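Listed below, chain by chain, are the residues.
There are 4 protein chains.
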Amino acid sequence: MLAEIKGLNEECGIFGVWGHPDASQLTYYGIHSLQHRGQEGTGMVVSDGKTLKGVKGEGLVAEIFTAEVMKELSGNAAIGHVRYATAGGGGYENVQPLLFHSQTGSLALAHNGNLVNATSLKHQLEAQGSIFQTSSDTEVLAHLMKRSGFTDSKDRAKNALSMLKGAYAYLILTETELMVALDPHGLRPLSLGSLGDAYVVASETCAFDVVGAEYIRDIMPGELLIINDKGIFSEQFAVSTTKAICMMEYIYFSRPDSNIQGVNVHTARKNLGKRLAIEAPIEADVVTGVPDSSISAAIGFAEASGIPYEMGLIKNRYVGRTFIQPSQSLREQGVKMKLSPVRGVVEGKRVIMVDDSIVRGTTSRRIVTMLKEAGATEVHVVISSPPIKNPCFYGIDTSTTEELIASDKSVEEIRQLIGADSLTFLSLEGMVEAIGKNEFCLGCFTGNYPTEIYPETLQYYYQK
Amino acid sequence: MLAEIKGLNEECGIFGVWGHPDASQLTYYGIHSLQHRGQEGTGMVVSDGKTLKGVKGEGLVAEIFTAEVMKELSGNAAIGHVRYATAGGGGYENVQPLLFHSQTGSLALAHNGNLVNATSLKHQLEAQGSIFQTSSDTEVLAHLMKRSGFTDSKDRAKNALSMLKGAYAYLILTETELMVALDPHGLRPLSLGSLGDAYVVASETCAFDVVGAEYIRDIMPGELLIINDKGIFSEQFAVSTTKAICMMEYIYFSRPDSNIQGVNVHTARKNLGKRLAIEAPIEADVVTGVPDSSISAAIGFAEASGIPYEMGLIKNRYVGRTFIQPSQSLREQGVKMKLSPVRGVVEGKRVIMVDDSIVRGTTSRRIVTMLKEAGATEVHVVISSPPIKNPCFYGIDTSTTEELIASDKSVEEIRQLIGADSLTFLSLEGMVEAIGKNEFCLGCFTGNYPTEIYPETLQYYYQK
Amino acid sequence: MLAEIKGLNEECGIFGVWGHPDASQLTYYGIHSLQHRGQEGTGMVVSDGKTLKGVKGEGLVAEIFTAEVMKELSGNAAIGHVRYATAGGGGYENVQPLLFHSQTGSLALAHNGNLVNATSLKHQLEAQGSIFQTSSDTEVLAHLMKRSGFTDSKDRAKNALSMLKGAYAYLILTETELMVALDPHGLRPLSLGSLGDAYVVASETCAFDVVGAEYIRDIMPGELLIINDKGIFSEQFAVSTTKAICMMEYIYFSRPDSNIQGVNVHTARKNLGKRLAIEAPIEADVVTGVPDSSISAAIGFAEASGIPYEMGLIKNRYVGRTFIQPSQSLREQGVKMKLSPVRGVVEGKRVIMVDDSIVRGTTSRRIVTMLKEAGATEVHVVISSPPIKNPCFYGIDTSTTEELIASDKSVEEIRQLIGADSLTFLSLEGMVEAIGKNEFCLGCFTGNYPTEIYPETLQYYYQK
Amino acid sequence: MLAEIKGLNEECGIFGVWGHPDASQLTYYGIHSLQHRGQEGTGMVVSDGKTLKGVKGEGLVAEIFTAEVMKELSGNAAIGHVRYATAGGGGYENVQPLLFHSQTGSLALAHNGNLVNATSLKHQLEAQGSIFQTSSDTEVLAHLMKRSGFTDSKDRAKNALSMLKGAYAYLILTETELMVALDPHGLRPLSLGSLGDAYVVASETCAFDVVGAEYIRDIMPGELLIINDKGIFSEQFAVSTTKAICMMEYIYFSRPDSNIQGVNVHTARKNLGKRLAIEAPIEADVVTGVPDSSISAAIGFAEASGIPYEMGLIKNRYVGRTFIQPSQSLREQGVKMKLSPVRGVVEGKRVIMVDDSIVRGTTSRRIVTMLKEAGATEVHVVISSPPIKNPCFYGIDTSTTEELIASDKSVEEIRQLIGADSLTFLSLEGMVEAIGKNEFCLGCFTGNYPTEIYPETLQYYYQK
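Protein sequence lines, in the order shown, are assigned to chains R, B, A and H.
The first sequence begins at 1 in UniProt numbering and counts up one residue at a time.
The second sequence begins at 1 in UniProt numbering and counts up one residue at a time.
The third sequence begins at 1 in UniProt numbering and counts up one residue at a time.
The fourth sequence begins at 1 in UniProt numbering and counts up one residue at a time.
Treat the hints with care, since some could be wrong.
Pairs involving identical chains hold if they fit within one copy or between any two copies, as the list cannot separate such chains.
Claimed, not checked - Restricting the straight-line Cα-Cα distance to at most 27 Å, the calculated cross-link-like pairs of lysine-lysine (BS3-like) are:
#1 K50 / K409
#2 K338 / K71
#3 K336 / K372
#4 K146 / K243
#5 K274 / K53
#6 K336 / K53
#7 K409 / K389
#8 K50 / K338
#9 K50 / K372
#10 K336 / K230
#11 K372 / K230
#12 K71 / K146
#13 K154 / K336
#14 K349 / K274
#15 K315 / K230
No lab work stands behind these hints: they were computed from the structure.
None of the values given here were measured: they were computed from a predicted structure.
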């Protein structure tokens, strides 16, 4: 049962359009630009005003939505979803959007985030006779809306949303409207844009640039937006007590060309790198970053430190799902995958290796070893965030406490484990100041979470 | 007929192993690391000392060589190939290695490069009764070897190779030996490495790093290397009059982590960017590079100019073969693909955009427009190579003369066409000095080619 | 909405096993032998006593259940389903078995038949807050069981089954038991067999022969069978007022090697043919049957009439889903598909063509034309069943009344339309006597149905 | 090397059209109707008068030639091929038609039959410098034609054909003509038809019926037919000394609706069955045939003996390539595949089981066992051909001598091995008289072959 807590709504990407004749095409390019947020599965539901039609599957956007499939998807409104690969879980059923047909109309749901009271809510709903067909948290909202006594869809949504705890950005599509909702702490990013007379909604603003839309504003915590043929209407279903956007969106999850609450992600990362250069004044010959997410920080570090930035590590671009991982024996013989060191750059050099975070430490150890084998005389690891000591209950897959190397090890212990010549984490203040905002969820660093956490959830993360 | 000149052996990647029990696995990782050199098709032939077994197909390495397929490929020697996507041409038959069975044994061939006298040779061979089953230049070598009067395989190979004109790096695998040959000018890169007692050969040294092999040396122009169970033997089948490695390998074709003739590609590109910063002293706010091949040059430019490097353009990583290109109407509405500008970085800024070369000019125009639409106040285009005024006959797909924008237009005319505020090309001397070598083929820049060019070849490139 | 009435549970095939270590393999061969009952989709759910695991897909058994998929399916109990191709409807969601997970356990359902009150029941359930995820009738049973107040699974099933009207054969699998239910009129065939200590259930006895099981008995109308680790238990959830097995199962639907209620289908058909020979004493040179379902009747006709049986029509065996139907223009030029006449057999002959039934008449007309073009001097059509004048509400796809040629045309009118020299239908008495039983549903012939028919259902069939 | 003797041109099907705008579509339906002659691979080459375009692949016609593929194939002439599944051999390269491009034009070849001197010819050709890319016999003809000194294509073909020994029916397509050739003994069937102004050629006349063509005549032994825009021209390239059509084409290979040399195959088989009834007067209750090839003979047997024909064995129609064969352990438990007995028909009965031939005897033993397990009290096996004592060198896969059960066992010994109550083979005279012709190749029965047999061929069949 607890497997359901971890849930299948972890960090994902969502995109929606209302009022555009190319709704499905725009959604295709929109979710494609969010592909970095989830490669396990993807789906789209399109409305032509009379019926909802959905297609989904396990795979990448360009694999599931072939030209032939796209031909079948036409309408003026659509929502799409890309889903993060969670080990073990999954299956076709859990790919979103979820689509429900009833004799009074249809409903499609796309969700980014993680609820912390999904198990409790499911217990209650099943006791009342509901049958769940997915193991996804997302379905809970549909059942709550169905059972709500209100007749107006807006009231049904507000009533249902008010029962959810945790992180969620929801898109709700019916034949007649697109509803958009964000949890009361605004834990997940969600923005509104326009494209002529049409409205678009996306997890990240990079999707707006790709489809040629203009950014209007970010969705507010606790806001329910109703978009229909009469216009766009905003309601507040909850009062936000603590605004708390997930810091990890800046650190590594979002695309560098996205802006979150007005801050460009690449610039934020570069600033993290600059601050790190000040906090970690190391003598070295070259600065390098772990591709792709740490390149911006590495460039910032190089700029601030005056040490030249070099491409010391390279990422293999063609590692898809069918790629065969090297066997243990081949790895021991030195066969690499995904990342390889650039010998011509690091040989005989003192290298500063910038990474965005350390979770289990195994990847860091592998990269340090790789750089040393390629001839680096020293490897100094600098991390553009503080140690992650606590699990995330809101959808970032930092796993259980036991697996977090920083949960019970000191920086020096970690340094020894990864084999670095020195190891520096950015300070909490340094990180917050570098971004230049102060309304973050920092739970994974500090253990202080914006919402209450349910016992069943804690149990999962701490006892696994 | 002329379609055969352009040929199907354009820039590709080749990899070979002799004397290792995991020959096929190593070849898998080897050609996978060379995937950037060709995404159209790939193949592998493995020898167990008694028979040669081959698998090939149209697609990426990880698509063609599934776990199931790899199980069937075992042996102590192997050669592999990745093939560049040439418009129109192609088909399964032309995917390499080519594999020939005869009653006296088998022969597999993998080729990187382009012959300039293939058509003449085919005419002669067909007149003598040979039947060609592919439209590939590569097959010519097999027929020449078959018809050579010599009994020793080494002599047959030398005799046949001496008739070829143009650019070629060949791997020739039989049940008893692996032969490796490079054209007399050394136009294409080809290196030798070792892995314990085994030998490996690859188009680029990055493949050695990926399989854990050690670099020994580059293959010499006009050299025939014979590797068999008795050891490794070198013969010269031609005297090299002009050493002439293709400059484009440094400029944009090779992977940044490869070394060509002892020079690291990333470092070479960074030096090109530094030199460019000296030759083009522009006032601007940010430097950005066109991903992926111009990033190193952009970083070099930023370092030398003191103008900060920023990620002003981002490349979508998930654009595979099934990706649906936006329709003209969607493009006009602003839907982008592959590249998108980072508004948060370029808005209100004077941008220096570094690119490696200009071929037709259409991509440059598109990027300049994109940056301006994203708010750049000025866009200065700087190119880390001189104008390409002439076709390449040796396998780089710079197309026919007519399509080369610089073949009949001045720099100022090009600037206007692409809509840039300024346009600077690196000087020829600047380029050569930045790499720090002086034995290049510069044919596409200067019109001086290291080999004679056959009339039929000229006809194709100039009259098409 | 009415699309849901026609439903997606039309004539299908189901198979189940309890108590055998090779449960999934046996189910594979079981549903494979029932493939003629449905080619649109197939699925299987396996229980290992702790969890239920399901795989399903659109396609044939051998396509969906690859060796790789089968490896993942192990357990001691399983149910499987093959689904009939209904035009338009369908989709992955509706492929069975349906699998439901809840916090108190899992439930899988496989259904053969068609409910006549599904729409009404869905209305009521949705009004109470249930959400349906499929458009399948089958799901209704799950919701009814979930909402039943009883704690015992057997009581929940009996209570829920008692609300269903129409034709149904259900397999219900949980972690701890396999339940088997047949509607109170026994409209669909369903038999019980044994395989060592294990029990098997199947729509047709041919599945028992294929897996090496022994036939025990047919499931009784209104019977609920509970099979678990303690044994096998029978309950009656309804009193059967009219036993009424569907006549069409004998006429054309079932496999000739199956026995239904003790009567072999091939023998039944041969007897229909013999009786027809008596009722239609025609002078002719050869008797031929329309493959595959009319071969037995044709052989019976030949035997009784003394006119030799010949293979006058041949069926192309390789017409799968990817087969390209000839264009109208090619058809007019004489290109045939599926069936072709055997010129060498029919040329210059008076032919008796035996078919099992006439629905729309278009196929009959095409075959008569084909035989005449191949040189038949006369074509006498004899049908081994009476005219179908009324729709089937219980799952046989005889379509709406309007499309039934016999609903408003006389035999003579039909003869003219199909271009036959004579046309004879078997009499109702002849048919019933030939089978030698008298407890049939003859609704499609007589318009007398064993169950009440709901207005919404009538509306669908008569107004479409 | 000897593997090449057995060759890959075993019994196949070929089809060609000249002068029809729907040439590729007609070829599609043509080879589809010949699918029973080969399921391993299929291909088609189409000519638009200027170029030849080919598509081929491993799989069924409807799998390889999808609607998308067919769109690309247009022209006024085409040839197609279906290829028999030979264990082990094969691969994409060997799928036909073979297509050769040269600077003077293209050539496509489709072949049905087996050469007996292919190895010798290949030796000679390789010694002269030819390179073979397939292991198919078919390629030999292309090399012989290429090397022939004649300038006229007709003379080149005649010269080359005159060097071939064995069984062959060839279709040769160039941009300007379709050539059709049959070996001097006419071992394989090949017929000519017309479709308006167009000509069609096919291995079997059933293909004519399917595409609406009219049969003109059979191709004559030693005939070369040239079809081009000027008309149709016949030449004799060899004098036929012995006409010898393969008897097995009548016995089991061809489709029952085909006519070979004026004799309908179904009728021929029925006559074999009638004759067998006279030669084997057995007391029994039912006659049954092994589907599909023995049904006609069984019906003939029933008609002549007065014992009723029944469907005692049924063939599963959905056993495609992805079907999972039951494991040994499941087989022992009684799981069946492909064929199952009809218990309701054979239980308690004395059964006469008609089969067309016995090769290894294993299938016969399995069927006898199956019938007895299903309750048959006696099983009398009657075979509608004499014992096969010798290998076929001309393409019928009766395998090596050692594997032929009748090569060293008496009828009584075979009877015991297969477990039958009696076993009767049709006499040689009976067989020949039943077909009513006397120009057969009876090599597999008598050991007398119409052509000389080369030592290397004998060696393969007798020493394997």
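Hint check:
In this assembly of identical chains, K50 and K409 lie within 27 Å of each other by CA distance neither inside one copy nor across copies; the values are 58 Å within and 39 Å between. Taking identical chains as interchangeable, the C-alpha atoms of K338 and K71 lie at most 27 Å apart only when they sit on different chains, with a minimum of 22 Å there against 35 Å within one chain. Taking the closest pair of Cα atoms, K336 and K372 come within 27 Å of each other only inside a single copy of the chain (14 Å); across copies the shortest separation is 41 Å, beyond that limit. In this assembly of identical chains, K146 and K243 lie within 27 Å of each other by CA distance neither inside one copy nor across copies; the values are 29 Å within and 41 Å between.
For a Cα distance limit of 27 Å, the shortest separation of K274 from K53 qualifies neither inside one copy, at 48 Å, nor across copies, at 52 Å. Within a single copy, K336 and K53 get their C-alpha atoms only as close as 44 Å, which misses the 27 Å cut-off; across copies the closest is 26 Å, which meets it. In the homo-oligomer, the alpha carbons of K409 and K389 lie at most 27 Å apart inside one protomer (9 Å), although the nearest pairing across protomers, at 61 Å, exceeds that limit. In the homo-oligomer, the alpha carbons of K50 and K338 never lie at most 27 Å apart, since the shortest distance is 47 Å inside one protomer and 34 Å across protomers.
For a Cα distance limit of 27 Å, the shortest separation of K50 from K372 qualifies neither inside one copy, at 62 Å, nor across copies, at 41 Å. Taking the shortest alpha-carbon separations for K336 and K230, neither the intra-copy value of 57 Å nor the inter-copy value of 30 Å comes in at or below 27 Å. In this homomeric assembly, K372 and K230 never come within 27 Å of each other (Cα to Cα): the closest approach is 63 Å inside a single copy and 34 Å across copies. Within a single copy, K71 and K146 get their C-alpha atoms no closer than 32 Å, and across copies no closer than 39 Å, so neither meets the 27 Å cut-off.
With identical chains, the CA atoms of K154 and K336 are never at most 27 Å apart, being 53 Å at best within one copy and 35 Å at best between copies. In the homo-oligomer, the alpha carbons of K349 and K274 lie at most 27 Å apart both inside one protomer (21 Å) and across protomers (20 Å), since each shortest distance falls under that limit. Proximity of K315 and K230 under a CA criterion of 27 Å is satisfied in neither setting, with 49 Å inside one chain copy and 37 Å between copies.
Hints 1, 4, 5, 8, 9, 10, 11, 12, 13, 15, counting from the list given before, are not met by this structure.
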